[in-house]
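Chemist: The residues making up each chain are set out below.
2 protein chains.
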Amino acid sequence: MYNRLALAISCAFLAANPAMADQQVVEKDLRATAQNLFQPIPTAEQIITEQNISNDKIELGRWLFFEPRLSASHIITCNTCHSVGTGGADNIPTSIGHGWQAGPRNSPTVLNAVFNAAQFWDGRAADLAAQAKGPVQASVEMNSTPEHVVTTLKSIPEYVEFFQKAFPGEKDPVTFDNMAYAIEAFEKTLVTPNSRFDQFLAGQSALEQQELQGLDLFINKGCVACHAGQNVGGQGYFPFGVIEKPGANILPEGDKGRFAVTETAVDEYVFRAGPLRNIALTAPYFHSGQVWDLEQAVAIMGTSQLGHDLNDGEVKAITAFLKTLTGEQPKVEYPILPPSTRDTPLPKPM
Amino acid sequence: MYNRLALAISCAFLAANPAMADQQVVEKDLRATAQNLFQPIPTAEQIITEQNISNDKIELGRWLFFEPRLSASHIITCNTCHSVGTGGADNIPTSIGHGWQAGPRNSPTVLNAVFNAAQFWDGRAADLAAQAKGPVQASVEMNSTPEHVVTTLKSIPEYVEFFQKAFPGEKDPVTFDNMAYAIEAFEKTLVTPNSRFDQFLAGQSALEQQELQGLDLFINKGCVACHAGQNVGGQGYFPFGVIEKPGANILPEGDKGRFAVTETAVDEYVFRAGPLRNIALTAPYFHSGQVWDLEQAVAIMGTSQLGHDLNDGEVKAITAFLKTLTGEQPKVEYPILPPSTRDTPLPKPM
Numbered sequence: 001m002y003n004r005l006a007l008a009i010s011c012a013f014l015a016a017n018p019a020m021a022d023q024q025v026v027e028k029d030l031r032a033t034a035q036n037l038f039q040p041i042p043t044a045e046q047i048i049t050e051q052n053i054s055n056d057k058i059e060l061g062r063w064l065f066f067e068p069r070l071s072a073s074h075i076i077t078c079n080t081c082h083s084v085g086t087g088g089a090d091n092i093p094t095s096i097g098h099g100w101q102a103g104p105r106n107s108p109t110v111l112n113a114v115f116n117a118a119q120f121w122d123g124r125a126a127d128l129a130a131q132a133k134g135p136v137q138a139s140v141e142m143n144s145t146p147e148h149v150v151t152t153l154k155s156i157p158e159y160v161e162f163f164q165k166a167f168p169g170e171k172d173p174v175t176f177d178n179m180a181y182a183i184e185a186f187e188k189t190l191v192t193p194n195s196r197f198d199q200f201l202a203g204q205s206a207l208e209q210q211e212l213q214g215l216d217l218f219i220n221k222g223c224v225a226c227h228a229g230q231n232v233g234g235q236g237y238f239p240f241g242v243i244e245k246p247g248a249n250i251l252p253e254g255d256k257g258r259f260a261v262t263e264t265a266v267d268e269y270v271f272r273a274g275p276l277r278n279i280a281l282t283a284p285y286f287h288s289g290q291v292w293d294l295e296q297a298v299a300i301m302g303t304s305q306l307g308h309d310l311n312d313g314e315v316k317a318i319t320a321f322l323k324t325l326t327g328e329q330p331k332v333e334y335p336i337l338p339p340s341t342r343d344t345p346l347p348k349p350m
Numbered sequence: 001m002y003n004r005l006a007l008a009i010s011c012a013f014l015a016a017n018p019a020m021a022d023q024q025v026v027e028k029d030l031r032a033t034a035q036n037l038f039q040p041i042p043t044a045e046q047i048i049t050e051q052n053i054s055n056d057k058i059e060l061g062r063w064l065f066f067e068p069r070l071s072a073s074h075i076i077t078c079n080t081c082h083s084v085g086t087g088g089a090d091n092i093p094t095s096i097g098h099g100w101q102a103g104p105r106n107s108p109t110v111l112n113a114v115f116n117a118a119q120f121w122d123g124r125a126a127d128l129a130a131q132a133k134g135p136v137q138a139s140v141e142m143n144s145t146p147e148h149v150v151t152t153l154k155s156i157p158e159y160v161e162f163f164q165k166a167f168p169g170e171k172d173p174v175t176f177d178n179m180a181y182a183i184e185a186f187e188k189t190l191v192t193p194n195s196r197f198d199q200f201l202a203g204q205s206a207l208e209q210q211e212l213q214g215l216d217l218f219i220n221k222g223c224v225a226c227h228a229g230q231n232v233g234g235q236g237y238f239p240f241g242v243i244e245k246p247g248a249n250i251l252p253e254g255d256k257g258r259f260a261v262t263e264t265a266v267d268e269y270v271f272r273a274g275p276l277r278n279i280a281l282t283a284p285y286f287h288s289g290q291v292w293d294l295e296q297a298v299a300i301m302g303t304s305q306l307g308h309d310l311n312d313g314e315v316k317a318i319t320a321f322l323k324t325l326t327g328e329q330p331k332v333e334y335p336i337l338p339p340s341t342r343d344t345p346l347p348k349p350m
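Keeping their order, the protein sequence lines are chains A and B.
By the UniProt record's numbering, the letter at position 297 of the first sequence is numbered 297, and the numbering carries on one by one without gaps.
By the UniProt record's numbering, the letter at position 217 of the second sequence is numbered 217, and the numbering carries on one by one without gaps.
No lab work stands behind these hints, which were simulated from the structure alone.
Heads up, a few of these hints could be off.
Copies of the same chain look alike in the list, so a pair counts if it fits in one copy or across any two.
Derived BS3-like pairs (lysine-lysine); straight-line CA-CA distance at most 30 Å [what the hints assert, rightly or not]:
hint, residue 1, residue 2
1, 331, 133
2, 348, 256
3, 323, 245
4, 133, 348
5, 316, 348
6, 256, 245
7, 154, 133
8, 348, 323
9, 331, 165
10, 28, 323
11, 154, 323
12, 323, 165
13, 316, 154
14, 133, 256
Taking the hints into account, I'd like the entire structure generated from these sequences.
Modeler: So, in structure tokens, the structure goes:
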């Protein structure tokens, strides 16, 4: 009864308001186009079920993600640069690591990272487990070694027991590789479903007029050529400055991107297209982390990648659309870590 | 019926086992003595109800406790040095702060800190709110200023709204003082009730023979003269090395302790007696953080404070007792922090 009444009122209103009827047509067409280009973010529960990830592995990964003793100094954790409280990143230009050294690139978000085709700005790690081993050993990040990690974890009985549970049947489960697999399992649960954009994809009228216009521009101006799929990016490699190189502060000459991985001339200044999910939470932008304003980042992409000087209204609309990509942030309980023992290596901060 | 049967069996067993009957007498007497010297840790719920702390204030404090933008670099939080995952401390000799500078003293645990008579190793802050303002401004810690904090928080609409809710009726609630009051409110919930020692105080037979012996020694050798009350310490100031000064690595000459606060000669090398709750989780020990082993710390206290060369069995028994002071660790959900805006000051890591 109520629904019929609502429908009647709605139809009467539409009849008297042709502009809104048009908008609904536009929204419907745009949704059909968008559904071909983008896919929604699933819930953590869906991923856990589909990939059959054990709770023990996820829980062990949560411990390790917050474990400062993986670092030489005992004060840096995965969460230091990929904080679950601030969009899965550290929100400074480039991360600061061991000895207060600044790293070479902006920290990519860990949120939804499982949906990227590869990890790091240059895609040098095939998956999250391969990625996790990098910062632990990098001298400008955690400055540790696989040996230090394994000795540390084996010195703590609660970790030995937990690795046995998480990797059942393995004779020697406390390994650097298994550390990485457990962290990967936890990171797979760090997803942000149910953004307003995903609600729109699912058929709800969740976007406002300016946001719809922004989505339309995002598709038709060509942004979607690099930023599509589940993560609205993160799938392929593209030269930064394909049309016009941005300034050296934004694209420093010394960082040749994927060239360092492939040593192929065409890969000079080639980077993985940034995944744009939750982009409103993770300024500053680009691999150099030198642009703090999302509108400015959109304008730079227009000139450098598309050869379009987007006007102010277009920039604002695309930015409004990008803000609808913010999903529900994962709720993470801080793990209570087991204490060190006499056999645990001491920190080496210096 | 079951209880009567259990009692009958228990009495029959006691009659046949005089040693156990003795132990129960000893335990009962020891409990009565201990109940006069120590008090249990209440639950967070009890504190919240008793002190009538609003949930809004606690929640805002949780955000701020994990808020890196309170620091100049945007990477240091309260939790960096007082991690809720590792006994409320950072478990390195002295904290590493802004620019990788090492601070002068070992980070005291935030857990149960509300029960200390005053804060810091020299008691220079009367309460947790006064304490919270220190590290934010210290150049070797967060290296920030009240102005930076207030400008930052006022630039983020979600914080402005949250301060209004947490401090209702105030015209200008976003202040440095209110930041500290909110952090204090959250920290008051970081308590660890229901340790085995507290179960023992409440009448349960929760301690084993060696632990009871350790408690007996702890009382009768005189440890209790400085380490009593709810926090088993944290109530008064005492010279470190009252009988015999430990080596300069443990008691560095340059740090004269409470003398810096009172400028009174008798306060040279005087420190607040460490609160011993959860002490098994927070190595290394003493204000200098140079002793990693709890047994070694107990032995040092024996010679330097009591003039007793405790034998190996005594050291082990006291250590076993101290391990019963580990309570239930607080469960803290990592807060999802609101993003910066164009008005938010940028990080200054260098």
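Chemist: Please go over all the hints and tell whether each is borne out by the structure.
Modeler: Each hint, compared with the structure:
1. 331 x 133: both (24 Å within a copy, 28 Å between copies)
2. 348 x 256: Cα proximity of residue 348 and residue 256: across copies only (26 Å, versus 33 Å in one copy).
3. 323 x 245: Close inside one copy (26 Å), not across copies (62 Å); limit 30 Å.
4. 133 x 348: Classified as both; 19 Å inside a copy, 29 Å across copies.
5. 316 x 348: between (48 Å within a copy, 29 Å between copies)
6. 256 x 245: within (13 Å within a copy, 59 Å between copies)
7. 154 x 133: Within. Shortest intra-copy distance 18 Å satisfies the 30 Å Cα cut-off; inter-copy 39 Å does not.
8. 348 x 323: For residue 348 and residue 323, only the inter-copy Cα distance (27 Å) is at most 30 Å; the intra-copy one is 42 Å.
9. 331 x 165: both (24 Å within a copy, 23 Å between copies)
10. 28 x 323: The answer is within: 20 Å in one copy meets 30 Å, while 65 Å across copies does not.
11. 154 x 323: between (44 Å within a copy, 21 Å between copies)
12. 323 x 165: Cα proximity of residue 323 and residue 165: across copies only (26 Å, versus 41 Å in one copy).
13. 316 x 154: Between copies only: 24 Å across, 53 Å inside.
14. 133 x 256: Only inside one copy: residue 133 and residue 256 sit 22 Å apart there, 44 Å across copies, limit 30 Å.
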